[in-house]
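S.K.: When you get a sec, could you build the whole thing from the sequences and use the hints?
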Amino acid sequence: MAIMMPASDQAVLARRAEIVAALRAIVPGEGVIDSAAEMRAYESDGLTAYRQPPMVVVLPDTTEQVSLVLKYCAGQGIKVVPRGSGTSLSGGALPLEDGVLLGLGKFKRIREIDFDNRAVVTEPGVTNLAISQAVAHAGFYYAPDPSSQIACSIGGNVAENSGGVHCLKYGMTTNNVLGCEIVLMSGEILRIGGKSAENSGYDLMGVITGSEGLLGVITEITVRILQKPETARALMVGFAQVEAAGECVARIIGAGIIPGGMEMMDKPAIHAAEAFVHAGYPLDVEALLIIELDGPKIEVDELITRVETIANACGSTTCQISTSEAERNLFWAGRKAAFPAVGRISPDYLCMDGTIPRGALPKALARIRELSEKYQLGCANVFHAGDGNLHPLILYDANKPGEIERAEAFGADILRACVEFGGVLTGEHGVGIEKRDLMPEMFSEIDLNQQQRLKCAFDAQGLLNPGKVFPTLHRCAELGRMHVHAGKLAFPDIPRF
Amino acid sequence: MDTLKVRDAKDVEEVVRAAIANEQPLEIIGHGSKRGIGHAMATNAVLDVSALNAITAYEPNELIVTLQAGAPLADVLSLIDAKNQQFAFEPMNTAPLLGTPVSGTIGGMIAAGLAGPRRIKAGGARDHLLGAHAVSGFGDSFKTGGKVVKNVTGYDLCKLLAGSWGTLSVMTEVTLKVMPKPEAERTLLLRGLDDAAANKAMTAALGSPFDVSGAAHLPTSAFRTRIEGLGDIAGQGEALTVLRLEGITASAAHRAGSLRELLAPFGTATLVEDVASAALWATIRDVLPFAADGALGAWPVWRIVCPPASGAALGTVLARETGGDVIYDWGGGLIWAALPPKPDAHGPAVRERTNAAGGHAMLIRAAEDIRRTIDVFHPQAPGLAALSERVRASFDPKTILNRGRLTRGAAA
Ligand SMILES: Cc1cc2nc3c(=O)[nH]c(=O)nc-3n(C[C@H](O)[C@H](O)[C@H](O)COP(=O)(O)OP(=O)(O)OC[C@H]3O[C@@H](n4cnc5c(N)ncnc54)[C@H](O)[C@@H]3O)c2cc1C
Ligand SMILES: Cc1cc2nc3c(=O)[nH]c(=O)nc-3n(C[C@H](O)[C@H](O)[C@H](O)COP(=O)(O)OP(=O)(O)OC[C@H]3O[C@@H](n4cnc5c(N)ncnc54)[C@H](O)[C@@H]3O)c2cc1C
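Protein chains in written order, with the numbering used here: chain H, 800 to 1296; chain V, 338 to 749.
Take the hints with a grain of salt, since some may be wrong.
Below, a list of computed lysine to any residue pairs in the SDA-like style, where the Cα atoms sit at most 25 Å apart [to be verified]:
no., chain 1, residue 1, chain 2, residue 2
1, V, Lys480, H, Glu1240
2, H, Lys968, V, Ala590
3, V, Lys480, H, Phe939
4, V, Lys514, H, Gly1053
5, V, Lys484, H, Asn1248
6, V, Lys458, H, Asp1100
7, V, Lys518, H, Gly1053
8, V, Lys537, H, Arg910
9, V, Lys458, V, Ala388
10, V, Lys347, H, Gly1279
11, H, Lys968, V, Lys514
12, H, Lys1199, H, Gly845
13, V, Lys458, H, Phe939
FRET-style restraints, in silico, Cβ to Cβ [stated by the list, open to error]:
no., chain 1, residue 1, chain 2, residue 2, range
14, H, Thr1122, V, Ala601, 30 to 38 Å
15, V, Pro602, H, Ala1125, 35 to 43 Å
16, H, Ala806, V, Arg727, 21 to 29 Å
17, V, Thr393, H, Pro1161, 18 to 26 Å
18, H, His936, V, Ala601, 20 to 28 Å
19, H, Thr1108, V, Lys518, 17 to 25 Å
20, V, Thr607, H, Ser1123, 35 to 43 Å
21, H, Asp1100, V, Glu575, 35 to 43 Å
22, V, Leu608, H, Pro1161, 39 to 47 Å
23, H, Glu1124, V, Ala388, 50 to 58 Å
Calculated from the structure, these hints are not laboratory results. Here a beta-carbon is modelled for each residue, glycine too, at the ideal position from N, C-alpha and C.
M.R.: Next up, the structure:
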């Protein structure tokens, strides 16, 4: 492993049998898994290059059990890693050798559907898609739609602040959650928010969203649901140059149009997808945009015309407009299957996730091409073009010595370039272990210390999901120390009134 | 009292560090337009960020604007307006309600986090703050977030800064999301509904696919004060339920037609457009019926947030029990309540009723002596309050920034 995890606590490992017994007393029956064979299913998440069997797996099914497990572990100094469905692409749910893996898979019930308040109260193990399905009969849906929505859990979505192709218009998870029940590492159970539009006091829900399982274990979530738009249509537009496609995206936004989705694929991605799903993608273009407009039919029809005019003005070489649901779905089929499609043309691939300002797109793609040369590895790009979120898929073969290391170095250089161009390390997949050691590219030590102090407010012992997100761990006492700057006892020379 | 007018982030660091060394808490102000909100503070120096007023970068095609925190809101609004963009969360102008001069900074707007009618569709200040540079109570400058709309790198400290009333850090530079202004707006007016029926109409509208961007109800009592600019909309002073649709012209008009049909059981809706509609929503956003210079100017005002479908039940009871007036926004999820003067501003009754409805209540306007006896911000359950305090201390362990602003008695 290229990434160092916190040293295992040998004293804890030596007491494994006793710990398993104590956990069995809290979660009876099959809720505690300690056989090596059965634990194998939990040894990695979607970042499959990294594997580590946990010390023990616990699958509680009530909040009280979660609370007792955490309280016990806190008392015994045992690390805990929360897990939803294990689809994280950044290694957020990677187990620790000396840690309890706390799976939320049994929290599978939707507790309440409240159409009048446009809210659903759900347990965290419910899949993203199941929420939309549960309210579909009344025309509602839950807007954030990660491509993994059949599998990923809503708890994992909150922990990762997941996005999806529609988040340009409808926001990420953080813009669509109202409240939660969370259990702190101490075992304390807290309720934050509810069905109101906003909460009182500091926005703790806001900071828990995207906290990657480091602040607490989420045991219930209240999400906002929306009415489905009346209709949706898509354009599929090809360009001979990436620059022209980038310009088209900028002009659409500049014209005040916020499409429901605006996705871009480069030539390698187009070819891989077309070979896989036969969506009718043009193969002679350098870039393909899929632009979806949704809303009332009259609005969609008019915006389609406006977008088409812009695309033509930007020199599009092909432009197809969907005339039926079947055709719209076909346009999307290739994009949605882009990851598995790339999986067919390469034994392995790494999925990156940086964000750049939209305007930097041509520069970023040029840099990726240079890096691809340098590292001698192929790369296909899919891109949430509307919000600048880039997903380069780096192709490699894990069986060839040195390729994974080269692929990781290539990926790290791409993310550094994202920061250099004014962007960020991750747009939706999270830091986890994957980008942990790159955090200093974006944040100073002071910035990271402030974030870790917040962690201390929730988990002073640092037992919840350690080794993720932060490149160096500090003790809370050390972080809290105040450096009084001596010799500055008077206010400095600053204009007074 | 010393007022220190900082010129850059370095100055802010120095002032905060000196304040730490001297154990001398600071009050943080932009233009000071909201100094009447919250509790009296135990501060003996003022840190004034209004000279940090540069517009750092505005990139309309990226949908972002980066500003120093003391930038005057009026300048920023006209800057983005010129590119036909806006802050979609429709921040309120508190000047008329509080009776303060119209002024204000971007930092104050974010720290107060008071979103307007479009919150139900577009979110609040917290949803639009993408990144910030700030000086913590450790006297250190830090940054959080970024300058792009999609970002999950590290904890989202922006969420905490928005609505923190200057008690966590002094923001020096912020990046905000801007959105295109809608081409057209149409508002449907229903007259004569009681609160309960109005709540039902708003619920039906918000549960429809017509993308309603404003849903408010003004009971008869709201028209006690004559409101400039409303013109014919005020009518004969009957209760008014209003629903806003925005977007491209053809779409807004089309959806207004569809929504009118959906709402037929509640009466025949009439329509106002564009300028007239905008004036109406500014009236609601800024709570003009309760303006400081109007008939109820001397009454304390509560800002109550609750599950939207329970709004009418809560508002009706409060109005009846206290003899006060209420206005509903956010489809019933935001209640403005002006209650007859009383030394406790009806605090115990408001809090009890609001708790029962699963909401929270803030005393946004009240004389200082009332604020000494009543908690301005809604008291939290003990565990949550303790966590919030730990979170606050993780930014400002010596409570140097706005000591006492959020918690009554903490100034002592
Ligand atoms: C094919 C594929 C496509 C994907 N597409 C997208 C996409 O379009 N957009 C996107 O944003 N992501 C995408 N992802 C990434 C992933 O699906 C999301 O990050 C998802 O939210 C993870 O959910 P999960 O339930 O699998 O969480 P896990 O992988 O189990 O856990 C993820 C993190 O959340 C924590 N966690 C999980 N549950 C809880 C809880 N209840 N309380 C506290 N912490 C918890 C874990 O500790 C871990 O840090 C994709 C992944 C795959 C494999
Ligand atoms: C034409 C016009 C239109 C307006 N429209 C709006 C509008 O749409 N929305 C709106 O909100 N306001 C509007 N206002 C002004 C509004 O009433 C507020 O005055 C303003 O938003 C608050 O800013 P302030 O600097 O006066 O706040 P202050 O009263 O100085 O501060 C408010 C709170 O924020 C804290 N604070 C201030 N600056 C910082 C900082 N840099 N870092 C941390 N904490 C800080 C303070 O400590 C305090 O707790 C408008 C004003 C004009 C002139």
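S.K.: Would you mind marking each hint as holding or not holding in the structure?
M.R.: Results for each hint:
1. V:Lys480 x H:Glu1240: Holds, because 13 Å separates the two Cα atoms, which is no more than 25 Å.
2. H:Lys968 x V:Ala590: This hinted pair holds, its Cα atoms lying about 21 Å apart.
3. V:Lys480 x H:Phe939: Distance ~38 Å between Lys480 of chain V and Phe939 of chain H Cα, so the pair is violated.
4. V:Lys514 x H:Gly1053: Holds, at roughly 14 Å.
5. V:Lys484 x H:Asn1248: holds, 21 Å
6. V:Lys458 x H:Asp1100: Given pair Lys458 of chain V, Asp1100 of chain H holds - Cα atoms ~23 Å apart, limit 25 Å.
7. V:Lys518 x H:Gly1053: Since the Cα atoms of Lys518 of chain V and Gly1053 of chain H sit roughly 11 Å apart, the hinted pair holds (cutoff 25 Å).
8. V:Lys537 x H:Arg910: Judged against 25 Å, a Cα distance of about 24 Å means the pair holds.
9. V:Lys458 x V:Ala388: violated, 34 Å
10. V:Lys347 x H:Gly1279: Answer holds: Lys347 of chain V to Gly1279 of chain H is near 22 Å, not above 25 Å.
11. H:Lys968 x V:Lys514: holds, 13 Å
12. H:Lys1199 x H:Gly845: Given pair Lys1199 of chain H, Gly845 of chain H holds - Cα atoms ~21 Å apart, limit 25 Å.
13. V:Lys458 x H:Phe939: Roughly 15 Å separates the two Cα atoms, so the pair holds.
14. H:Thr1122 x V:Ala601: 30 to 38 Å: holds, 33 Å
15. V:Pro602 x H:Ala1125: 35 to 43 Å: holds, 37 Å
16. H:Ala806 x V:Arg727: 21 to 29 Å: holds, 28 Å
17. V:Thr393 x H:Pro1161: 18 to 26 Å: This hint holds: roughly 24 Å between Cβ atoms.
18. H:His936 x V:Ala601: 20 to 28 Å: holds, 24 Å
19. H:Thr1108 x V:Lys518: 17 to 25 Å: The hinted range 17 to 25 Å holds for Thr1108 of chain H and Lys518 of chain V, with Cβ atoms some 21 Å apart.
20. V:Thr607 x H:Ser1123: 35 to 43 Å: Since the Cβ atoms of Thr607 of chain V and Ser1123 of chain H sit about 38 Å apart, the hinted range of 35 to 43 Å holds.
21. H:Asp1100 x V:Glu575: 35 to 43 Å: Taking Cβ atoms as reference, Asp1100 of chain H and Glu575 of chain V lie about 38 Å apart, which means the hint holds.
22. V:Leu608 x H:Pro1161: 39 to 47 Å: Between Leu608 of chain V and Pro1161 of chain H, where Cβ atoms are some 46 Å apart, the hint holds.
23. H:Glu1124 x V:Ala388: 50 to 58 Å: holds, 57 Å
Hint violations for this structure: numbers 3, 9, all remaining hints satisfied.
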